[in-house]
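Now for the letters of each chain:
Number of protein chains: 4
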Amino acid sequence: MAQTNIPSWKSKLHEIIYEADTPAGKAFDIGLLLVIVLSIVLVMLESIPGMSDKYYWQFYTAEWIITIIFSIEYMLRIIVINRPTRYIFSFYGIVDLLSTLPTYLAILGGGHNLLFAVRALRLLRIFRILKITRYIGESNRLLLALRNSRAKILVFLYAVVILCVIMGTVMYLVEGPENGYTSIPTGIYWCIVTLTTVGFGDIHPVTPLGQFIASVIMITGYGIIAVPTGIVTSEFSRASANEIPVNTQVCPYCNETKHLDKAEYCHNCGNPLNE
Amino acid sequence: MAQTNIPSWKSKLHEIIYEADTPAGKAFDIGLLLVIVLSIVLVMLESIPGMSDKYYWQFYTAEWIITIIFSIEYMLRIIVINRPTRYIFSFYGIVDLLSTLPTYLAILGGGHNLLFAVRALRLLRIFRILKITRYIGESNRLLLALRNSRAKILVFLYAVVILCVIMGTVMYLVEGPENGYTSIPTGIYWCIVTLTTVGFGDIHPVTPLGQFIASVIMITGYGIIAVPTGIVTSEFSRASANEIPVNTQVCPYCNETKHLDKAEYCHNCGNPLNE
Amino acid sequence: MAQTNIPSWKSKLHEIIYEADTPAGKAFDIGLLLVIVLSIVLVMLESIPGMSDKYYWQFYTAEWIITIIFSIEYMLRIIVINRPTRYIFSFYGIVDLLSTLPTYLAILGGGHNLLFAVRALRLLRIFRILKITRYIGESNRLLLALRNSRAKILVFLYAVVILCVIMGTVMYLVEGPENGYTSIPTGIYWCIVTLTTVGFGDIHPVTPLGQFIASVIMITGYGIIAVPTGIVTSEFSRASANEIPVNTQVCPYCNETKHLDKAEYCHNCGNPLNE
Amino acid sequence: MAQTNIPSWKSKLHEIIYEADTPAGKAFDIGLLLVIVLSIVLVMLESIPGMSDKYYWQFYTAEWIITIIFSIEYMLRIIVINRPTRYIFSFYGIVDLLSTLPTYLAILGGGHNLLFAVRALRLLRIFRILKITRYIGESNRLLLALRNSRAKILVFLYAVVILCVIMGTVMYLVEGPENGYTSIPTGIYWCIVTLTTVGFGDIHPVTPLGQFIASVIMITGYGIIAVPTGIVTSEFSRASANEIPVNTQVCPYCNETKHLDKAEYCHNCGNPLNE
Chain A
1 MAQTNIPSWK SKLHEIIYEA DTPAGKAFDI GLLLVIVLSI VLVMLESIPG
51 MSDKYYWQFY TAEWIITIIF SIEYMLRIIV INRPTRYIFS FYGIVDLLST
101 LPTYLAILGG GHNLLFAVRA LRLLRIFRIL KITRYIGESN RLLLALRNSR
151 AKILVFLYAV VILCVIMGTV MYLVEGPENG YTSIPTGIYW CIVTLTTVGF
201 GDIHPVTPLG QFIASVIMIT GYGIIAVPTG IVTSEFSRAS ANEIPVNTQV
251 CPYCNETKHL DKAEYCHNCG NPLNE
Chain B
1 MAQTNIPSWK SKLHEIIYEA DTPAGKAFDI GLLLVIVLSI VLVMLESIPG
51 MSDKYYWQFY TAEWIITIIF SIEYMLRIIV INRPTRYIFS FYGIVDLLST
101 LPTYLAILGG GHNLLFAVRA LRLLRIFRIL KITRYIGESN RLLLALRNSR
151 AKILVFLYAV VILCVIMGTV MYLVEGPENG YTSIPTGIYW CIVTLTTVGF
201 GDIHPVTPLG QFIASVIMIT GYGIIAVPTG IVTSEFSRAS ANEIPVNTQV
251 CPYCNETKHL DKAEYCHNCG NPLNE
Chain C
1 MAQTNIPSWK SKLHEIIYEA DTPAGKAFDI GLLLVIVLSI VLVMLESIPG
51 MSDKYYWQFY TAEWIITIIF SIEYMLRIIV INRPTRYIFS FYGIVDLLST
101 LPTYLAILGG GHNLLFAVRA LRLLRIFRIL KITRYIGESN RLLLALRNSR
151 AKILVFLYAV VILCVIMGTV MYLVEGPENG YTSIPTGIYW CIVTLTTVGF
201 GDIHPVTPLG QFIASVIMIT GYGIIAVPTG IVTSEFSRAS ANEIPVNTQV
251 CPYCNETKHL DKAEYCHNCG NPLNE
Chain D
1 MAQTNIPSWK SKLHEIIYEA DTPAGKAFDI GLLLVIVLSI VLVMLESIPG
51 MSDKYYWQFY TAEWIITIIF SIEYMLRIIV INRPTRYIFS FYGIVDLLST
101 LPTYLAILGG GHNLLFAVRA LRLLRIFRIL KITRYIGESN RLLLALRNSR
151 AKILVFLYAV VILCVIMGTV MYLVEGPENG YTSIPTGIYW CIVTLTTVGF
201 GDIHPVTPLG QFIASVIMIT GYGIIAVPTG IVTSEFSRAS ANEIPVNTQV
251 CPYCNETKHL DKAEYCHNCG NPLNE
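Residue numbers (my numbering), protein chains in the order written: chain A, 1 to 275; chain B, 1 to 275; chain C, 1 to 275; chain D, 1 to 275.
One thing to keep in mind: the hints can contain errors.
Unchecked claim - 25 Å max Cα-Cα, derived DMTMM-like pairs, lysine to aspartate or glutamate:
#1 A/K12 / A/E73
#2 C/K26 / C/E15
#3 A/K12 / A/D29
#4 C/K10 / C/E73
#5 B/K54 / A/E178
#6 C/K12 / C/E63
#7 D/K26 / D/E73
#8 C/K54 / B/E178
#9 D/K54 / C/E15
#10 B/K26 / B/E15
#11 A/K54 / D/E178
Everything labelled a hint here was simulated from the structure, so no lab data went into it.
Okay, chain A solo, but in the shape it has when bound (with noise of 0.2 Å):
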C-alpha cells in the first residue's frame, strides 16, 4: 500500500482524531468526552419522569445539535482513515453509529420507548471515556496485577456458583414457595443476595430452620470474601515487592547490586559508585 500517497490534510486529521499525543489531538479528545458526557446527562434527565413533557423542546434541540457533532465526527473517522472498511465494522465503529441514528430515525416515525432504548446505546461511548485513564499511569499496574490474578479469582467465582446453588436449592426446599422462594432460581438468587452480604430483604427465611441456614450462609460468606482480597493482595504486594529494587546501579568494583537510592559508596566494599 502506497503510504505517500496521502494527502497531508488527511494525515494531519488523522493525527488529530485517532491518536493523543499532539495538543490538538488531546484537545479533540477532550472536547469530544465533553459531548459524549453531556449527551448521557441529557439520556439520564430525560428519563426522569415529567422531565421530558415539561423541557421538551430543550431535549429536542440538544439532542439535534449533539446527534449533528456525532454524525460530523464519524464521518471524519471513515474519510481519514486509510481501510474505513474497518473501522465501520469494529466494536467503536459499530457504537459510534448507533449513537447517530436513532434521531434520524425518530423523524421517520417509531415507537419513543425503543428508540429511547436504543439511544441508551450511546452509554457505550462511555467506554471512550476510559481512555482518560491513559492520562493516569497508575491503571496499567492495577490491570496487570488483576490479569495475574483472574485464573485465581475465576476459580473462586467457580466455587461460590456452585455453592450458591446448592444453598439456593436447599433454602427452597426448605423453606417453600409460600416464604418467598417461588423456585430454585429464586432461591439460587436469594443465597447470592446473602453470601454477598448484600441481603435486600425482598426474600428473606421466616423459619427457624431457614434462619440457621441462612446464618451459616451468612457467616461463610462473611469468610470468604477473604479469599479474593487474599488473592489480588498478595499480587499486588509482590508488584510492590518486584518493584522496590528500583535502584539498579552496581557497584563497579564489588558488583554488589541492591543498593540504597541516596547511597554514593558501596555499603559492601566501600568503594563510591559513580565515577
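Following the hints, put chains B, C and D in place on chain A, whose structure we already have.
Okay, now just chains B, C and D, sitting in the frame of chain A:
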C-alpha cells in the same frame, strides 16, 4: 490380587470411566458433566411455578432419557471396578444411586413433593463438576492456602458466634418481642445478619438504645471483617514468597530437589551441586 | 502467709477447679462448659414464644438442677481458694453469683420478666467457654496481631464516627423527618448502617439529592473498608515474616544460617550440620 | 514586622490558644473540645421530636452559655494573632464565626428551621476535634499510606462509577418504572447500592432477567472489593517493610543513619562502619 486376570475390555472401560488422562476418558468426563448440568437446569426449570404444568410431556421425556443415561453409567461403574462394594457405599456411589431412583419410584406412585425433594439430591452430583477445576492448575494452591489458615479462621468464627450469642440476647432484652425480636434465637439470627453486614431489614432496631447498640455491632462487624482477610492474605503472601526462592536444581548425587537459590552444596548428601 | 498450712485436699481441689493442667482439671473444665452451654440453650428455648408454657415442668426441673450445680461450684470455689474475698468481688465471682440467684429469688416471688433478664446474665458465663481457645494454639497469635494494630484501628474508627456524625446531620437536613430521618441521631444511625454496607432499608433516601449523597457515602464506605483490612493484614504478614526463619540451625563449620528445615548438610560448605 | 513589639501577655495567650505544646495550651484545647462536643450533643438532642418543646428553657440557657463561650474564644483569637484578617477569612475563622451567629440572629427574629440549619454548621467545628489525633502518633502513617495509594484508588472508583452508569441504565431498560426503576439516575443509585453490597431493598429486581443481572452485579461487587483492599494493604505492607530493614547503625565518620542490615561500609562517605 491377580491384576492380570482382569479382561482387557474391562481395564480399558475403567480407564475411560474413572480416569481422565486419555482423550477418551476426558471426552467421557465432559459428556457426563454436560448431562449433569442439563439435569440440574431441568430440575430448576420444573421448580418455577406454572412451568411443570405447561411443558409436562417435555419434562417427562427429558427426565426419562437422563434417568436411563445415569442408570447405564451407574451399572457400568459397578461392572468395570474391581471391588464394586467399595464404590457402591462410597459418597459418590450413594449419590449416583439416589440420582436415578426418584424417576423409577414415581412409577410405583408416591407423593410428588417428596420425590421432587429426593430428585433435588441430584444436585449433589454437581460436586463431580468440581472435578473441572482439576484442569485449572490454580485451585490446588488456593485450597492449600485455605487449609493452612483453617485453624485461625475457625478460632475467628468461634469468637464471632459467641459475640452474636451475647449481643443477640442483649438486643432481645432491649427491643423485645413487640419490635420483632420474638426470641433469643431470633435476636442471634438478627445479630449475625447485622455483624456480617448483610442487613436484610426484616427485623431492625426501633428504640434509640437498640439503634445505638446496633451501631456498635455494625462498626464492630465492619472492623473485624479485616481479620479473616488478614489471615488468608498473609497465607497467600507466604505461599507466594515460599514459591519464589526454591529453584529447580537437582543434586547430581542423590536427586534431591528444591534447593535454596544460593545453595552450593546439596543439603541432603553434602555433595557439591555444580561441578 | 503460711502456705504450708493448707490441707492437701484443699490444694488438690484448687488444682482441679482453677487449673487445667492435670487430667482431672481438664475434665472439670469440660464438664462445667457443657453445663454452661446447656443452661444457655435452655434460656434460649424458654425465650421462644409458646415454649415456656408447653414444657413448663421440664424447664422448671432443668432450671433447678443447673442452679444447684452452679451453687455447689460457687461454694467450692470459695472454700478452696486462699483469699475468698478476692474471688467474690472479681468479675467472674460476681457473674458466678448472679447465675445462681434468679432461681432462688423466684421462690420469694418477683416479676417474671425481670428475673428472666437477670437469668440472661448467665450468658456472661459464656466467657468461660472462651477458655477453650486455650487448647487451640492459634488464638494467641491472632490476639497479638490485633493488639499490635489496636491503635491504628481506633484512629480509623474515630474518623469513621466523625464522618457519620457529619453526614448523618447533612442527611437529616436534606431528607427531613417526612422521609424517616426523624432526628440527627437517627440520621447518624442511618449513616452508620450505610457506611458499614449493612443497609437494613428501614430508612432510605427518597429525594434525588439524598440519593446522590447516599451514593457518595456508600462508595466511600466501600473504599475505606480497605483501611482496617490493610492494617490487620500488614500486621499478620509482619508476624508471619518474623516467623518464617523457623530454623535456627547454624553450620558449625562456616556459621551459615537459615538452612531448610530438613537440611542435613550445610548448603554453603557441604559439611554435616549435626554430628 | 517588628516581632519585639508584641506584648508578652499577647504572645503568652497566643501560645495557649493556638499551640498545644505547653500544659496550659493542652488544657485550653481539651476544654474547648469538651464544649464543642457538648454543643454538638445539644444540637442532636434538640433535633429529636418532642425534646425541644419539653426542655425549652434548659436548651435555651445552655445555648446562650455556649454561644458566649464561643464568642469570647472568637474575640480572643482575633486579638492575640498578628494578622487578624488572615484568621478571619480562613476556613476555621469562618466556621468559628458561623457557630456563634445563629443564637444572636434568633433575637432579631428569623425562621426557626433556617436558624437550626445554620446552627448545624457548628458541626464543622468537629474538625477541630480531629486535632486529637495529633496526640496519637499512628494517624500520620495511616494518612501517608492512604495518600500514596490515592491515585490507584481514584482510578478504581472511576471504573466503579462507569460500571454503575452502564449497569444502572441496563436495569432501567430491563425492569422499567413499574418495578421501581423510575429513571436512569434511580437505576444508577440502585446499582451503587447493590455493587457496594449495601442493599437497602427499597428498590429490587422483580423480573427473572433483572434478578440474573443483579446476581452478576453482586458477584462482581463481591469480587472487586478486593481491589481497594489490595491497594491499601500492599501500601501498608510496603510502609512496614521499608521500616524493618534499615537498622540503627550510625557511621562513626559522618553520622549517617539508616544503613542496610548487611552494610559494612557507610553508603554516604565510604568509611567502614565497624572497626
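Results for each hint:
1. Taking the CA atoms of A/K12 and A/E73, the gap is near 15 Å; set against the 25 Å cutoff, the hint holds.
2. Between the alpha carbons of C/K26 and C/E15 the distance comes to roughly 10 Å, so the proposed pair stays at or under 25 Å and holds.
3. With a CA separation close to 15 Å, the supplied pair A/K12 and A/D29 stays within the 25 Å bound.
4. This hinted pair checks out: C/K10 and C/E73 have alpha carbons roughly 14 Å apart, not beyond 25 Å.
5. About 21 Å separates the Cα atoms of B/K54 and A/E178, which keeps this hinted pair within 25 Å; it holds.
6. Taken as a hint, the C/K12 and C/E63 pair is broken in the structure, with Cα atoms around 30 Å apart against an allowance of 25 Å.
7. Proximity of D/K26 to D/E73 is assessed by CA-CA distance (about 15 Å); at most 25 Å being required, the pair is judged to hold.
8. Of the pairs offered as hints, the one joining C/K54 and B/E178 holds, with about 21 Å between alpha carbons and a cut-off of 25 Å not exceeded.
9. As the CA atoms of D/K54 and C/E15 are separated by approximately 60 Å, the hinted pair breaks the 25 Å bound.
10. For the hint pairing B/K26 with B/E15, the CA-to-CA distance comes to about 10 Å; that is within 25 Å, so the pair holds.
11. Our distance criterion of 25 Å between C-alpha atoms is met by A/K54 and D/E178, whose separation comes to about 21 Å.
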